[in-house]
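There are 2 protein chains.
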Amino acid sequence: MKGLYFVTDRGLCGKTPLADVVLQAIRGGAACVQLREKDLHTRFFVEEAQRIKAMMAPFNVPLIINDRTDVALAAGADGVHLGQEDMPYGTARRLMGPGAIIGLSVETWEDVERAQELDCDYLGVSPIFATPTKLDTKAPWGLEGLAKIRAFSRHSLVGIGGLHAGNAEAVVMAGADSIAVVSAICASPDPFRTARELNQIIRLSLAKRGKTDFI
Amino acid sequence: MKGLYFVTDRGLCGKTPLADVVLQAIRGGAACVQLREKDLHTRFFVEEAQRIKAMMAPFNVPLIINDRTDVALAAGADGVHLGQEDMPYGTARRLMGPGAIIGLSVETWEDVERAQELDCDYLGVSPIFATPTKLDTKAPWGLEGLAKIRAFSRHSLVGIGGLHAGNAEAVVMAGADSIAVVSAICASPDPFRTARELNQIIRLSLAKRGKTDFI
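Listed in order, the protein sequences are those of chains A and B.
When the letters of the first sequence are read in order and numbered with my numbering, they come out as residues 995 to 1209.
When the letters of the second sequence are read in order and numbered with my numbering, they come out as residues 995 to 1209.
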């Protein structure tokens, strides 16, 4: 997992349909899309995931479903993202199969240590900074916490929480392989331009860190 | 699906652990248990389902999960029950496999007609009577509505909504093969006795209707 990682929030999209924002984010360079729905009935979540998966078919960008393995399986999504209160990693891996992308949020150092034993595809380091988008998070990791995880972990790291064009470079330089944003794109008046700008910052920062395989 | 069908409601169980109420219902003669959780995080729902499935192992009683195919698959449950806002039947069948028990709530006549084409295992006729347990239901079917569905449908019928020892016989006589109860057992001071009493009424009523294969 490397680059710009877009996490949806229907409530922040205003009048723009969620699928349009996803499309703009992908055209702007998003390398991954995570569909996150906490209030939709299963039927509507499945229908939305199927619609967005079909729309994403021409692009080489994986669709990840937050929490819901059933929705991921129903829509043929590429993976799931698991919080610490979601399905245990091993169970999700069994249901999703060895080829699925499975990411895991880490909110405490114990989470980071436990994840070291797991063959998950990335860690979501959450939150990097305090954020109004998600209110049930633990204390922010900050850049120092992220750097500490980078030094320890064998996994790809996705930073999330309070990230935008103004701090993306610092977060990549501290060790993130990928920058996840929610409101920066969802609430942007021009999600395409915002995604493109973020994508450029992330690519340049990864290059500075010597991650030239990405360019 | 025939006999007493117990649907859980954690909130109505008071201080008695849910697993204890399930065990008492099964000892009292429940032929099926449906685990219904609308507020639990996935992790805790999975853990609870796994615990209850393990506890039910000695009994020949299926465990059905309400709505969540992921939880059912994770816990090795025997099936899922789908409302009209849950996963579409065909998708759930694909994920659960041909051997799973899949029930479908019908709340309108259109639901009943659509279900006729599906190889689901039973219809949950919901609600038979008005009930405070579930507030988002449509107009009650009543005994006449149930009888009309019985005359039309090829499926096994589970009546649900406002059912208890005082009306179970009438509901079976109107066409239900199974009586689902929530509060009658959850809120009972003696779930075992309540289940036993209900089970006896249902068996005798099914026998009256000539369903002697059940005795």
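Just so you know, these hints were derived from the structure itself, not from any lab.
Ideal Cβ placement from N, Cα and C applies to all residues, glycine included.
Please note that a few of the clues may not be correct.
To be verified - Okay, the calculated beta carbon distance ranges per label pair:
1) A/D1113 to B/G1070: 41 to 51 Å
2) A/P1011 to B/H1035: 27 to 37 Å
3) A/R1021 to B/F1038: 16 to 26 Å
4) A/P1011 to B/A1013: 39 to 49 Å
5) A/Q1110 to B/A1013: 25 to 35 Å
6) B/K1009 to A/Q1194: 44 to 54 Å
7) B/G1084 to A/P1052: 23 to 33 Å
8) A/Q1110 to B/G1070: 24 to 34 Å
To see whether the hints hold, each was checked on the structure:
1. A/D1113 to B/G1070: 41 to 51 Å: violated, 23 Å
2. A/P1011 to B/H1035: 27 to 37 Å: holds, 29 Å
3. A/R1021 to B/F1038: 16 to 26 Å: violated, 39 Å
4. A/P1011 to B/A1013: 39 to 49 Å: 44 Å Cβ-Cβ, so the 39 to 49 Å window holds.
5. A/Q1110 to B/A1013: 25 to 35 Å: Given a distance of about 34 Å, which is inside 25 to 35 Å, the answer is holds.
6. B/K1009 to A/Q1194: 44 to 54 Å: The hinted range 44 to 54 Å is violated for B/K1009 and A/Q1194, with Cβ atoms some 59 Å apart.
7. B/G1084 to A/P1052: 23 to 33 Å: Given about 26 Å between the Cβ atoms, the range holds.
8. A/Q1110 to B/G1070: 24 to 34 Å: Given about 28 Å between the Cβ atoms, the range holds.
Taken one by one, the earlier hints fail for this structure at numbers 1, 3, 6, listed in ascending order.
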